[in-house]
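Here's the letter readout for the chains.
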Amino acid sequence: MKVITKGNLLSWLRQLSQKYTVIAPVTSAEVTLYEPVSNSEIEKINLNFPNTDLSPKNWFFPPSETLFTIVKNEIPKIIPASAGHEAVLFGLHPCDAKGIALIDKAFLAEPADVFYKEKRDKTTLVGLACSTPCLECFCTSVNGGPADPTHLDILLTETTEERYIMYIVTERGGQLLTDAPMQEAEVTSPVPPILNIVPTEGITEIMPRVFNDSYWDRVADRCIHCNICAYVCPCCYCFDIRDYVSKEKIERVRSWESCQSPGFSRIAGGYDPRSTKGTRLRQRWYHKLLYFPERFGDVKCTGCGRCVRSCPVNIDIREIITDVQRMRA
Amino acid sequence: MINEIRNKVKELLETKRVECVIGYERATDNLTARPVFIYEPSQVDRLIFDETCVHNLSKYLLNRKDKPTGIVTKPCDSRGINLLLNESQLHRENLFIIGVVCSGVKKVRFNRIEDSLPTKCQYCPQHTPPLYDFLIGEPVTETSPRNYADVIKIEEMTSKERKMFWSGHFDRCIRCYGCRQACVGCYCYECFVDELDPLWVGIRIAPDENWVWNIGRAFHLSARCIACNECERVCPVNIPLMLINRKLEKDTLRLFEFEPGVNAEVIPPFATFKKEENLGVSE
Amino acid sequence: MALVYEPKIVGFLCNWCSYAGADLAGTSRITYPANLRITRVPCSGRVDPLFVVKAFQLGVDGVLIAGCHPGDCHYTEGNYHTRRRFALLHPFLEYLGIEKERFRLEWVSASEGKRFSELVSDFTENLKRLGTRET
Chain A
5 MKVITKGNLL SWLRQLSQKY TVIAPVTSAE VTLYEPVSNS EIEKINLNFP
55 NTDLSPKNWF FPPSETLFTI VKNEIPKIIP ASAGHEAVLF GLHPCDAKGI
105 ALIDKAFLAE PADVFYKEKR DKTTLVGLAC STPCLECFCT SVNGGPADPT
155 HLDILLTETT EERYIMYIVT ERGGQLLTDA PMQEAEVTSP VPPILNIVPT
205 EGITEIMPRV FNDSYWDRVA DRCIHCNICA YVCPCCYCFD IRDYVSKEKI
255 ERVRSWESCQ SPGFSRIAGG YDPRSTKGTR LRQRWYHKLL YFPERFGDVK
305 CTGCGRCVRS CPVNIDIREI ITDVQRMRA
Chain B
158 MINEIRNKVK ELLETKRVEC VIGYERATDN LTARPVFIYE PSQVDRLIFD
208 ETCVHNLSKY LLNRKDKPTG IVTKPCDSRG INLLLNESQL HRENLFIIGV
258 VCSGVKKVRF NRIEDSLPTK CQYCPQHTPP LYDFLIGEPV TETSPRNYAD
308 VIKIEEMTSK ERKMFWSGHF DRCIRCYGCR QACVGCYCYE CFVDELDPLW
358 VGIRIAPDEN WVWNIGRAFH LSARCIACNE CERVCPVNIP LMLINRKLEK
408 DTLRLFEFEP GVNAEVIPPF ATFKKEENLG VSE
Chain C
86 MALVYEPKIV GFLCNWCSYA GADLAGTSRI TYPANLRITR VPCSGRVDPL
136 FVVKAFQLGV DGVLIAGCHP GDCHYTEGNY HTRRRFALLH PFLEYLGIEK
186 ERFRLEWVSA SEGKRFSELV SDFTENLKRL GTRET
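Top line first, the protein sequences correspond to chains A, B and C. Every number in our numbering is 4 more than the matching position in the first sequence, counting from 1. Every number in our numbering is 157 more than the matching position in the second sequence, counting from 1. Every number in our numbering is 85 more than the matching position in the third sequence, counting from 1.
The following block holds chain A by itself, in its conformation from the complex (with noise of 0.2 Å):
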């Protein structure tokens, strides 16, 4: 199998930033997140973390983006958003490559998302495989594995003596490594972490019986909709959508925007359908384990944990699955 020692993956991706924008972990204010790091900065990855604070999925779908730009001149002039350059977005995990797969069940379906997909179609992704997964995660509950490779391009896995092994898994991934400096060599794939179990057998079945127990009141009674959840997940994509206007232009902003806001859901004429604690974080669980799966087959949860780590009043996606088996039970 082809193996390549740390030292010249840092080459190999120093390279790669020649030609590619390179995105990849990095650590600075005890945060670490996914960055555009240039070739003088290769040094500053983080190869050694559990998981990022925010997901990778800022590079294909941003916090806030412009959409486009019109200038407003005798005859106006739309200056669409700059063509994405290509791109390699390293070290990701496979909880988070299958985040970005969620999403584009739904922002590649036809009609697609144009500004998505032109960065998903111009970026390569070079995964590594969990080693040591953090308390919280449970992606083999949810079709996941924290050495799986579906989704990505590439996935490294390290082995002892800081080499890691490169299995290619689409030709896009084989293409980015013509000129990288691995070697052949025969290494004992190391075995896979076990992580704890989540009953998420059967949940879609078991939503639809529960949705109007006081159980979700509850919940959210210590709620403080802070929208943290929906930022850090991985496969979270709702946004808002604003014109801004001034003198000399107009400008079409699109930002994250998220379930658990309060008027979130208000209408034109303020009736606002989830207008209760309750209701709106009903609606979250609900999006994820009955409605996106209902339509997309899959349950919209990659199992990394991060919403259970960075939820203020530990509002547990683990506890509530656990709930809701008991409760029908």
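No lab work stands behind these hints: they were computed from the structure. The C-beta atom is built at its ideal place from N, Cα and C for all residues, glycine as well. A few of these clues could be false.
To be verified - Once the Cα atoms are required to be at most 20 Å apart in a straight line, the calculated EDC-like pairs of lysine to aspartate or glutamate come out as:
#1 185/C / 313/B
#2 139/C / 389/B
#3 173/B / 208/B
#4 139/C / 366/B
#5 320/B / 186/C
#6 224/B / 225/A
#7 224/B / 221/A
#8 320/B / 157/C
#9 253/A / 197/B
#10 310/B / 389/B
#11 281/A / 347/B
Said to hold, decoys possible - With the C-beta cut set under 10 Å, the calculated list includes, among others, these residues of chain A facing chain B:
#12 34
#13 234
#14 248
#15 267
#16 271
#17 315
Claimed, not checked - Pairwise CB distance ranges (calculated):
#18 91/C / 345/B: 32 to 40 Å
#19 44/A / 309/B: 29 to 37 Å
#20 276/A / 91/C: 48 to 56 Å
#21 199/B / 162/C: 51 to 59 Å
#22 91/C / 79/A: 29 to 37 Å
#23 222/A / 208/B: 24 to 32 Å
#24 245/B / 79/A: 34 to 42 Å
#25 84/A / 91/C: 33 to 41 Å
#26 112/C / 345/B: 41 to 49 Å
#27 79/A / 305/B: 35 to 43 Å
Once you have looked at the hints, place chains B and C on chain A.
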């Protein structure tokens, strides 16, 4: 201590003095805590109280304004209740406050407890809650001396260093508004960022907009922030928000000798004026 | 011809005293730098701190708030509130990267046309010396 709390809560619910008591229970990681709403006397054994109980529960009272509610509070949290009472957001007769004398909490993020004090405990001015109906623990009267070393460090930077310091932090802001949602002083039905005309801050996330958001929010909390640290704790990208609020706290103390949240009856400095005062402003 | 840095100053002048004072400077034909763009407000107490923050976000080099002298406010007490707000906002903005020379509060009465023009000249000179916002 915990048994005293549980017994009191049980009594309050059984005598129907309150319909619900807000307290702390163990989180799913079995290490940290999370808020809990106890409606039945049989549930009181869920309650805990230790140094992982970092949350400020007083904001939940705003969801239950007209319902009799009990609450377990640390000194910083009861300053929050004083703030809400001061601003006529709550009815005192609907509240039953179980105050707990506190010796500090730990710096906590889910399943990670750092053995260090969060900012609010490092500079805590009072260990006994200023407002309570029932006190747990022996009241402590001495207060720690005021210390603003963290603020002074920034004040002593050059203008350029300060600009770089703040832009380094505000660049990470993703405008989740977690700080606003967690803050007890941020309860406006329509926040200034929701305002469309005039448009103070839109939905665009850019360094200059983030600057306006953070400064605007901090200034709306001047002489109101009770230093519960919740904004800094919930921030998913670790922005040192307390450094901003504490600067205003320091100046409010210096200029107006005013501490927010200590007294529910006092008129706050921005709601009043003095004809003659020396604030270091040009004459 | 090289472009000389001309600082942009935004001024919030209260209708009854300082705006009238600026007007007097104009009718008296006193020349003073044109860097100041004036917005008339009914009282200096109308000035929301967000006006100042927003002005700095949009890139102005200096902000001036001008009101009646304390004790002379047309609405009796508006300028007392302005004074308190400014006392807290000024060091706060300095803490957040806006140099203290960029933000001023002045009391200008309706008869102080000359003083107003001197004030604006002084402010403009200071800002020229300070340089642009990026420096």
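Evaluation of the provided hints:
1. 185/C / 313/B: 14 Å, holds
2. 139/C / 389/B: It is violated: about 24 Å lies between the C-alpha atoms, which goes past 20 Å.
3. 173/B / 208/B: 29 Å, violated
4. 139/C / 366/B: 9 Å, holds
5. 320/B / 186/C: Between residue 320/B and residue 186/C the Cα gap is close to 15 Å, so the pair holds against 20 Å.
6. 224/B / 225/A: Holds. Residue 224/B to residue 225/A sits at ~14 Å (cutoff 20 Å).
7. 224/B / 221/A: With Cα atoms ~16 Å apart, residue 224/B and residue 221/A stay inside 20 Å; holds.
8. 320/B / 157/C: 38 Å, violated
9. 253/A / 197/B: Not satisfied, since the Cα-Cα distance of roughly 59 Å exceeds 20 Å.
10. 310/B / 389/B: Holds: residue 310/B and residue 389/B sit about 18 Å apart, inside 20 Å.
11. 281/A / 347/B: Status holds; Cα separation ~17 Å.
12. 34: 5 Å, holds
13. 234: 8 Å, holds
14. 248: 6 Å, holds
15. 267: 7 Å, holds
16. 271: 15 Å, violated
17. 315: 7 Å, holds
18. 91/C / 345/B: 32 to 40 Å: At roughly 39 Å between Cβ atoms, residue 345/B and residue 91/C fall inside 32 to 40 Å, so the hint holds.
19. 44/A / 309/B: 29 to 37 Å: For residue 44/A and residue 309/B the Cβ distance comes to about 35 Å; the hint holds.
20. 276/A / 91/C: 48 to 56 Å: Holds - the Cβ-Cβ distance for residue 276/A and residue 91/C, about 49 Å, lies within 48 to 56 Å.
21. 199/B / 162/C: 51 to 59 Å: With a Cβ separation near 56 Å, residue 199/B and residue 162/C satisfy 51 to 59 Å, so the hint holds.
22. 91/C / 79/A: 29 to 37 Å: Given a distance of about 32 Å, which is inside 29 to 37 Å, the answer is holds.
23. 222/A / 208/B: 24 to 32 Å: 26 Å, holds
24. 245/B / 79/A: 34 to 42 Å: 56 Å, violated
25. 84/A / 91/C: 33 to 41 Å: 35 Å, holds
26. 112/C / 345/B: 41 to 49 Å: 44 Å, holds
27. 79/A / 305/B: 35 to 43 Å: 58 Å, violated
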